[in-house]
Amino acid sequence: MAKSHKPVVWFPFAAGGTVIAFCMPVIVLLTLLAALGHAPAGLDYQNMHVFARSGLGKLIIFGVVALSLWSSAHRLRCTCYDFGLRADTLAATVLYAAAIFGSIAAAVFLARI
Amino acid sequence: MTPLKERLVQLEVLRYNPDTDTEAHFQRYEVVCQEEWVVLDALNKVKADIDPTLNYRWSCHMAVCGSCGMMINGEPKLSCHAFLRDYEGVIRVEPLAHFPVERDLVTAPDDFMEKLKRVKPYMIPKEKKPISEGEYKQTPAQLMKFRQYSMCINCMLCYAACPQYGLTPSFIGPAALTLAHRYNQDSRDGGRAERQEVVATHEGVWECTFVGACSEVCPAQVDPASALQQMKITSSLDWIVEHLIPGGKP
Amino acid sequence: MSRRPLVRECPPTTWYFRQPRYMRYMSREITSIFVGAYCVLLVVGLQRLADGPMAWEGFLLALQSPASIVFQILALVAAVYHAATWFNATQKAMPIQIGEGFVPGKLISGAHYAAWAVLSLIVLILAGVF
Chain S
1 MAKSHKPVVW FPFAAGGTVI AFCMPVIVLL TLLAALGHAP AGLDYQNMHV FARSGLGKLI
61 IFGVVALSLW SSAHRLRCTC YDFGLRADTL AATVLYAAAI FGSIAAAVFL ARI
Chain E
1 MTPLKERLVQ LEVLRYNPDT DTEAHFQRYE VVCQEEWVVL DALNKVKADI DPTLNYRWSC
61 HMAVCGSCGM MINGEPKLSC HAFLRDYEGV IRVEPLAHFP VERDLVTAPD DFMEKLKRVK
121 PYMIPKEKKP ISEGEYKQTP AQLMKFRQYS MCINCMLCYA ACPQYGLTPS FIGPAALTLA
181 HRYNQDSRDG GRAERQEVVA THEGVWECTF VGACSEVCPA QVDPASALQQ MKITSSLDWI
241 VEHLIPGGKP
Chain C
1 MSRRPLVREC PPTTWYFRQP RYMRYMSREI TSIFVGAYCV LLVVGLQRLA DGPMAWEGFL
61 LALQSPASIV FQILALVAAV YHAATWFNAT QKAMPIQIGE GFVPGKLISG AHYAAWAVLS
121 LIVLILAGVF
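Residue numbers (my numbering), protein chains in the order written: chain S, 1 to 113; chain E, 1 to 250; chain C, 1 to 130.
Since the hints were derived computationally from the structure, they do not count as laboratory data.
Be aware that one or more of the hints could be misleading.
As the list claims (entries may be wrong) - Here's a subset of chain E near chain S, in silico, CB distances under 8 Å, partners left out:
1) C33
2) P125
3) T201
4) E203
5) W206
6) T209
7) K232
8) T234
9) S235
10) S236
Stated by the list, open to error - Here are the simulated SDA-like cross-link-like pairs (lysine to any residue), alpha carbons at most 20 Å apart as the crow flies:
11) C:K92 - E:Q142
12) E:K145 - C:K92
13) S:K3 - E:H202
14) E:K249 - S:S4
15) S:K3 - E:P246
16) C:K92 - S:F11
17) C:K92 - E:A220
18) E:K126 - E:K145
19) C:K92 - E:F146
20) S:K3 - E:Q142
21) E:K120 - S:F11
22) E:K145 - E:R188
23) C:K92 - E:M144
24) E:K145 - C:E100
25) E:K120 - S:M1
26) C:K92 - E:I233
Just so it is clear, CB atoms sit at the ideal spot from N, CA and C, and this is done for glycine as well.
Produce the entire structure from the sequences given, and follow the hints as far as they go.
Put into structure tokens, the structure is as follows:
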């Protein structure tokens, strides 16, 4: 039995899990405020645009989105198995591909801002 | 001293006789017990007074030997540590989940024993030295680093609790991996690289999804879930050193 | 006497109904569905932001649909539940030994909760909520 290459997918999962824990609740709270008609000033186009134009802003946004996507994809892969889906390779391929596609899309949009 | 209170206890026990049965079935026993007794006492009373054919393992009756593990109302428990006063109504007693049933409440531990061997749960000294050079010394702080993980009594409750072991029987499992961690953490030991050949495989720590059930049912407060999480982190760091750093050896 | 052990399989699709702790575990794992879906929403938001002010305003407006509000509430619950389980696990993954003793696990997890609260507060202030 050879040593596993699982760390390749597990490390970004662990990093993403930490990012989700620290950042996601407050981000959801912000968009929820906007959804309830109390959009904070920070979500104005002007402010968001300035933030997403800066190098640091791009890095933060991309880091949060890409790691959270990966972490969710990896956990969902395990959940599929837990629910009895034995086609693990298929689930892994589809979910990781989706996470990578989402991250590339995020990078492309950020580059356009 | 007040006299002990008596109580009529109803047990529903899983029976399986490999010589005659193709399936297991439940058998109901009613037995008068003392309120202070444990489930194991009730089983002993059944065997002594009602049904001598009932099979189960036990030895120390004090949560040390680890042989009387059973599912009691669906929960992995040492039956010597499951007090009747904590249960109401019919108490359902089954053999440990996830293990083949040898007979009645007796399970076959072969798979666990084989896995235990594979992780080399013994000291592999960093440098062998003759007895004349004296003992391998250790500070209390170095002892504390692994002491908790050395308390395992091999009762296999964690295997009966772990759904990943139930779903994927090739998983090395909580207790064996935790013992590997116990020796890896020992300042006198140098066998980590050998153990990693088992620990860092798919069947090793990577089958674990941190359900945490192992630690919740452990009667010796070993906390296998923490050991496995720590081993995932160190195995991942190993991988980085091995694959991303030129000439790197963990 | 021959050995003929009886194998009782773990039911692959229904095992988590067996114990309440398995249900708690599955709830933790299922948060990934809502968090993942919310990440997709964030990517769409980035696209709208890149498309200009009109598109961004439209995105903010679309967030106000009832379905979107329900989804975001679910995502919020999922994210908070994930955070709590994650911070509770830190003491298991990263125990800190000082001398012969260990830093109490509650302190390690508690420090994470505190950092979480501070970070969230800073983000809320920077976003101009207060």
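Each hint tested on the structure:
1. C33: violated (39 Å)
2. P125: The hint is violated - P125 (chain E) has no Cβ within 8 Å of chain S, the shortest such distance being about 24 Å.
3. T201: holds (4 Å)
4. E203: holds (6 Å)
5. W206: OK, holds: W206 (chain E) within 8 Å of chain S, min 4 Å.
6. T209: Holds, about 5 Å.
7. K232: holds (7 Å)
8. T234: Violated. Min distance 10 Å.
9. S235: Given a least distance of 7 Å, the restraint on S235 (chain E) holds.
10. S236: Holds: closest Cβ of chain S sits about 4 Å from S236 (chain E), inside 8 Å.
11. C:K92 - E:Q142: Satisfied, since the Cα-Cα distance of roughly 19 Å is no more than 20 Å.
12. E:K145 - C:K92: Holds: K145 (chain E) and K92 (chain C) sit about 14 Å apart, inside 20 Å.
13. S:K3 - E:H202: Within the cut-off at roughly 7 Å; holds.
14. E:K249 - S:S4: holds (16 Å)
15. S:K3 - E:P246: Within the cut-off at roughly 18 Å; holds.
16. C:K92 - S:F11: Within the cut-off at roughly 17 Å; holds.
17. C:K92 - E:A220: Holds, because 16 Å separates the two Cα atoms, which is no more than 20 Å.
18. E:K126 - E:K145: holds (17 Å)
19. C:K92 - E:F146: holds (14 Å)
20. S:K3 - E:Q142: violated (28 Å)
21. E:K120 - S:F11: Roughly 27 Å between the alpha carbons, so the hint for K120 (chain E) and F11 (chain S) is violated.
22. E:K145 - E:R188: The given pair, whose Cα atoms are some 12 Å apart, holds under the 20 Å limit.
23. C:K92 - E:M144: Within the cut-off at roughly 16 Å; holds.
24. E:K145 - C:E100: Roughly 8 Å separates the two Cα atoms, so the pair holds.
25. E:K120 - S:M1: Satisfied, since the Cα-Cα distance of roughly 16 Å is no more than 20 Å.
26. C:K92 - E:I233: holds (12 Å)
The structure does not agree with the numbered hints 1, 2, 8, 20 and 21 stated previously, though it agrees with the rest.
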